[in-house]
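Using the hints provided, position chain B relative to the given structure of chain A.
2 protein chains.
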Amino acid sequence: MLSYQQARDWLLERARPQSAQQPLPLLQTHGRILAEPVWAGLDVPPHDNSSMDGYALRCNDLAPGMPVSQRVAAGSMPQPLQPGSAARIFTGAPIPPGADAVIMQEQAQLDADGKVAFSIVPRAGQNIRLRGEDIAKGQEILPAGRCLCAADLGLAASIGLANLPVLQLLRVAVFFTGDELAEPGLPLAAGQIYNSNRYWLLPALHSLGCEVIDLGTVGDDLEATRQLLRDAAAVADVIVTCGGVSVGEEDHVKAAVEAEGELALWQVAIKPGKPLAYGRIGGADFIGLPGNPVSGFVTLQTLVRPFLRKRMGLSEAEAVIQQVAAAFAWLKPDMQRSEFLRVRKVMGRQGWQLELYPQQSSGALTSCAWADGLAWLEPGQAVTPGDSLRYWALGPA
Amino acid sequence: MLSYQQARDWLLERARPQSAQQPLPLLQTHGRILAEPVWAGLDVPPHDNSSMDGYALRCNDLAPGMPVSQRVAAGSMPQPLQPGSAARIFTGAPIPPGADAVIMQEQAQLDADGKVAFSIVPRAGQNIRLRGEDIAKGQEILPAGRCLCAADLGLAASIGLANLPVLQLLRVAVFFTGDELAEPGLPLAAGQIYNSNRYWLLPALHSLGCEVIDLGTVGDDLEATRQLLRDAAAVADVIVTCGGVSVGEEDHVKAAVEAEGELALWQVAIKPGKPLAYGRIGGADFIGLPGNPVSGFVTLQTLVRPFLRKRMGLSEAEAVIQQVAAAFAWLKPDMQRSEFLRVRKVMGRQGWQLELYPQQSSGALTSCAWADGLAWLEPGQAVTPGDSLRYWALGPA
Chain A
1 MLSYQQARDW LLERARPQSA QQPLPLLQTH GRILAEPVWA GLDVPPHDNS SMDGYALRCN
61 DLAPGMPVSQ RVAAGSMPQP LQPGSAARIF TGAPIPPGAD AVIMQEQAQL DADGKVAFSI
121 VPRAGQNIRL RGEDIAKGQE ILPAGRCLCA ADLGLAASIG LANLPVLQLL RVAVFFTGDE
181 LAEPGLPLAA GQIYNSNRYW LLPALHSLGC EVIDLGTVGD DLEATRQLLR DAAAVADVIV
241 TCGGVSVGEE DHVKAAVEAE GELALWQVAI KPGKPLAYGR IGGADFIGLP GNPVSGFVTL
301 QTLVRPFLRK RMGLSEAEAV IQQVAAAFAW LKPDMQRSEF LRVRKVMGRQ GWQLELYPQQ
361 SSGALTSCAW ADGLAWLEPG QAVTPGDSLR YWALGPA
Chain B
1 MLSYQQARDW LLERARPQSA QQPLPLLQTH GRILAEPVWA GLDVPPHDNS SMDGYALRCN
61 DLAPGMPVSQ RVAAGSMPQP LQPGSAARIF TGAPIPPGAD AVIMQEQAQL DADGKVAFSI
121 VPRAGQNIRL RGEDIAKGQE ILPAGRCLCA ADLGLAASIG LANLPVLQLL RVAVFFTGDE
181 LAEPGLPLAA GQIYNSNRYW LLPALHSLGC EVIDLGTVGD DLEATRQLLR DAAAVADVIV
241 TCGGVSVGEE DHVKAAVEAE GELALWQVAI KPGKPLAYGR IGGADFIGLP GNPVSGFVTL
301 QTLVRPFLRK RMGLSEAEAV IQQVAAAFAW LKPDMQRSEF LRVRKVMGRQ GWQLELYPQQ
361 SSGALTSCAW ADGLAWLEPG QAVTPGDSLR YWALGPA
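Quick note, the sequences are listed as chains A and B, same order.
Position 216 (the first sequence) corresponds to 216 in our numbering; numbering is contiguous.
Position 315 (the second sequence) corresponds to 315 in our numbering; numbering is contiguous.
No wet-lab data here; the hints were simulated from the structure.
In this list, chains with the same sequence are indistinguishable; a pair is considered to hold if it fits within one copy or across any two.
Taking lysine-lysine pairs in the DSBU-like style, the calculated list, with each CA pair at most 35 Å apart, reads:
1) K137 - K332
2) K254 - K115
3) K137 - K274
4) K254 - K332
5) K332 - K274
6) K345 - K137
7) K345 - K274
8) K274 - K254
9) K274 - K115
Isolated chain A (complex conformation) (with noise of 0.2 Å):
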């Protein structure tokens, strides 16, 4: 049985990083991920602004009422200082060349001969943004291998880009196996139970930021598993099966992906979890979750996320991990296995602590769907309340 560390750093080795690139129009790069690192062309703000709205003067000019030379808004190109005035001027606006301070319009006051009076004394540079002050020309402002943001968005634009460079979506077609498996919607035949993996898995992957493609359910049937393994390869990048990889023999999934690739089988020791498959088939990478629901969660969450994370091409591909304080006990835990408890960050009165959702051993999404994360326990790791654990907050999903 392979530890946690090693069935996910097995994977993260073979995870080749997505390379192919795709300029996109700004707009569409949201939650993409940047190829190529972005420089500034140009200094922001172009020139040096106002950062108030009020009147633009030499210090060294300041006098009692002063006239008032022009008016310089936001989008126009100011004419330079007329000396001995002030120019009108709005944020944003450029500072006419000759001027060297602006006064806010609360500090001014216009007499009946639009002469204008100010109420203090500037100093040099006051209210004054200076060109490049934000971004400099030649700065990189975004690094390769990010998820792009709104935020990064906005700053593109900010320095004129229209485009941005990003890696081309990973392609992950998904299917479901198993006899017993009904649609939602479908009234169940004796013995069967509902196909609950497919709703949550297809939504799981596209949160994860893959282009997911449905292949649908196939039944415990060895020919038509191959056949929709090779449909599979020839359109993904990665396939993604749950079910089916287990020991027992009615589990097709495992001789299929050998007989058209290759297959690793390991008993993983995490629970909820254990058995996880990996193989490849032609090109694609295949990776088989086990069939129980909290099970196929949990692994997707633990060991595939970091691979697929990283097969897509960003540049942090582990998740991150908090220290939190245990508000709960588990006073038997597993002696060979890592546990993942679906736990609940919140607040009591000794600051953030966690809450454990009482029935840990069912087969039901119910715990996970209650949970935010997961509380991730060594082989052996007893829990007393107050105890410091890991947390894995479960990404947005």
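Below, chain B alone, put in the same frame as chain A:
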């Protein structure tokens, strides 16, 4: 000047939660808001079933060499167990009537005659998952007002639901104002700047779960702005603009909203930020963000996001605030305004701490793209390293 809390409470009071709902196929409900609680219409699992691959038997019948009288795969229905025999059974398969335990196959040995012997003595109930153990018929499994995540969809599928009732998307129309705005990709004319607001605001609203209607950019023109407001009110639940709401005389948005509906214009005591407009035009809410990108970004996060989340119908509208130790000093706090510093939560030697983006005064989005959260200081609150600060994690964007 309104305090931050006053402005937030005032806005939240005015947010009438979305109530119109529609049923959607399960896979289309990901990220949508559940309109009604979901109750389980059946037991999960629907019948007692095996949690292992192995042999089902009646404990009292245990004998050294037992005949295997039937074979029960997942998806099939078993016959009543023939007395004195065992049934070959697989994970998830229904327990034959009469059997009361399952022995895992690793603890069983088949002899040449096809009889099975066991290396353990089973106890009643062993390796059997009981009907309704995971979800009992009639139980509420998902509450109304919840943003549906992947596990929720799996949970709904496991009780056979093909559709869920979700709230209609909040339609948010967005436009931008200013003669000085140029679109990225075009050369900058004298005095122009790139419209970065469009490129962070549209994806940020999309990430919040709104249906975003992009109405483009309008120059500093009162009639054109009025027309755009009427167009927006005809199609949207909420209108959001950036810029044009400060007191400068070039700002036409204020006058346009006043002409077409009603407007409250505030100075909110936050930094960055300050001007914020709320109004109504016909049946639509109007929100005017400050035009400075960083001010707009922080105002969206701290004031508008809670408003929109409540308006969308989410039961948890407000952000979760953590306490995290400062790894920086901030010795000259603003005495009148709450400050929202752009920070990053990082693991230090003493645990999690907040690092400060060095250039807090900048108008460029660099700090917002770098940060993963905001440190929320009260007016006059200075910071020395080690102080416990309120940390507001930026939502997915």
